[in-house]
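Asks: What follows is each chain in one-letter form.
2 protein chains.
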Amino acid sequence: MDLLKERILNEGKNLGGGILKVDSFINHQVDPTLMDACGAEFARMFANLGATRILTAEISGIAPALATAMHLKLQVVYARKTKPITMPDQVYLTVAPSHTKGRMVELIVSPEYLAKGERVLIIDDFLASGSTILGLVRLAKAAGADVVGIGALIEKSFEGGRAALSHLNLQVESLVCIGNMEDGQIIFCD
Amino acid sequence: MDLLKERILNEGKNLGGGILKVDSFINHQVDPTLMDACGAEFARMFANLGATRILTAEISGIAPALATAMHLKLQVVYARKTKPITMPDQVYLTVAPSHTKGRMVELIVSPEYLAKGERVLIIDDFLASGSTILGLVRLAKAAGADVVGIGALIEKSFEGGRAALSHLNLQVESLVCIGNMEDGQIIFCD
Chain A
1 MDLLKERILN
11 EGKNLGGGIL
21 KVDSFINHQV
31 DPTLMDACGA
41 EFARMFANLG
51 ATRILTAEIS
61 GIAPALATAM
71 HLKLQVVYAR
81 KTKPITMPDQ
91 VYLTVAPSHT
101 KGRMVELIVS
111 PEYLAKGERV
121 LIIDDFLASG
131 STILGLVRLA
141 KAAGADVVGI
151 GALIEKSFEG
161 GRAALSHLNL
171 QVESLVCIGN
181 MEDGQIIFCD
Chain B
1 MDLLKERILN
11 EGKNLGGGIL
21 KVDSFINHQV
31 DPTLMDACGA
41 EFARMFANLG
51 ATRILTAEIS
61 GIAPALATAM
71 HLKLQVVYAR
81 KTKPITMPDQ
91 VYLTVAPSHT
101 KGRMVELIVS
111 PEYLAKGERV
121 LIIDDFLASG
131 STILGLVRLA
141 KAAGADVVGI
151 GALIEKSFEG
161 GRAALSHLNL
171 QVESLVCIGN
181 MEDGQIIFCD
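Here the protein sequences come in this chain order: A and B. With the first letter of the first sequence counted as 1, position 139 gets the number 139 in my numbering; the numbers rise by one all the way through. With the first letter of the second sequence counted as 1, position 17 gets the number 17 in my numbering; the numbers rise by one all the way through.
Among the hints, erroneous ones may be present.
Each pair may be met inside one copy or between any two copies, as identical chains are not told apart.
To be verified - Within a straight-line C-alpha distance of at most 25 Å, the following computed PhoX-like cross-link-like pairs (lysine-lysine) qualify:
id: 1; residue 1: Lys141; residue 2: Lys73
id: 2; residue 1: Lys21; residue 2: Lys73
id: 3; residue 1: Lys21; residue 2: Lys116
id: 4; residue 1: Lys83; residue 2: Lys101
id: 5; residue 1: Lys21; residue 2: Lys83
id: 6; residue 1: Lys141; residue 2: Lys5
id: 7; residue 1: Lys116; residue 2: Lys5
id: 8; residue 1: Lys101; residue 2: Lys73
id: 9; residue 1: Lys81; residue 2: Lys101
id: 10; residue 1: Lys83; residue 2: Lys141
id: 11; residue 1: Lys81; residue 2: Lys21
id: 12; residue 1: Lys81; residue 2: Lys5
id: 13; residue 1: Lys13; residue 2: Lys141
id: 14; residue 1: Lys5; residue 2: Lys21
id: 15; residue 1: Lys81; residue 2: Lys141
id: 16; residue 1: Lys116; residue 2: Lys101
id: 17; residue 1: Lys13; residue 2: Lys116
These are computed hints drawn from the structure, not numbers from a lab. Computed from a prediction, not measured in an experiment: that's the story for all the values here.
Please construct the entire structure, taking both the sequences and the accompanying hints into account.
Replies: Okay, here's the thing in structure tokens:
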């Protein structure tokens, strides 16, 4: 997706260690016009899956998932990383390693909002190692729901996430793919 | 705002201690159509303030702030509660008590995205004691920015937030106001 690619070229910063800083339009400051365009693109890509719900993980998945949900007219559920007091005692919980946090994080969804038979579309900001998305897949399966598609704004193909998801045999889409970040560069896959 | 009021009446749960559970449409599951309507309403209310940026706090402020930003075509910045590795060492940081977490939380904004002279519109999910919003006001002031308006989806007037903000002499708007939650009730202000 050219719009997102341009923003990464103009504003993205390669901080080393595979960390891409996109704080000025995705992760701290959010550009609503760009995010709406990304949501529209995901909605187009996943229009024919019969998804009934979108699942993402707080914090930075919320904006792209909500933008997509506005176009597909689907409810969004974001997995919480700490259990709020408003959540029932019995929850779906899994743990996943966080690349940027350097530790395991919990992903928690209330059974109230993820039910058997749902067709779940997973949307997140990054597809890197795939560990967060695999955590969301486990939550959906625990609920008896089917994951029908996976979308990420930015894929870092050199971290192997797409291969880690391949056994699921699902449509996996990224709007921009980065193939190499060595030596301070940002090289796209194409 | 009738749409939001109806959802609170139908799905909101008074958990006692002033805690209103709105997990099914705001805080865990998000209804994108409702959120878009709330954003449109905030955009209408604050259309004439000349705001240049929207400021909110992660996590549950992101959805209403983004929906508002889409209508006003303004960048959104969400204050982080933990400093990510992509953020510079020098930041604006304040602490505010969290009602639902029962402890102090940090609110952190990068100087990259909040600058002197900005006209800041603050949007959040709840106006309760006002402590989170006052924290956001302190961050804006630290940056030399002016806060020009404050909007919350749901005000709990019995927690005194509006009074706590009154010295700012700003337009403060809530889409729904709850005046009493004693004895398991949810009584609106009107």
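Asks: What hints, given by number in increasing order, does this structure fail?
Replies: Of the numbered hints, 6, 7, 8, 12, 13 and 16 do not hold.
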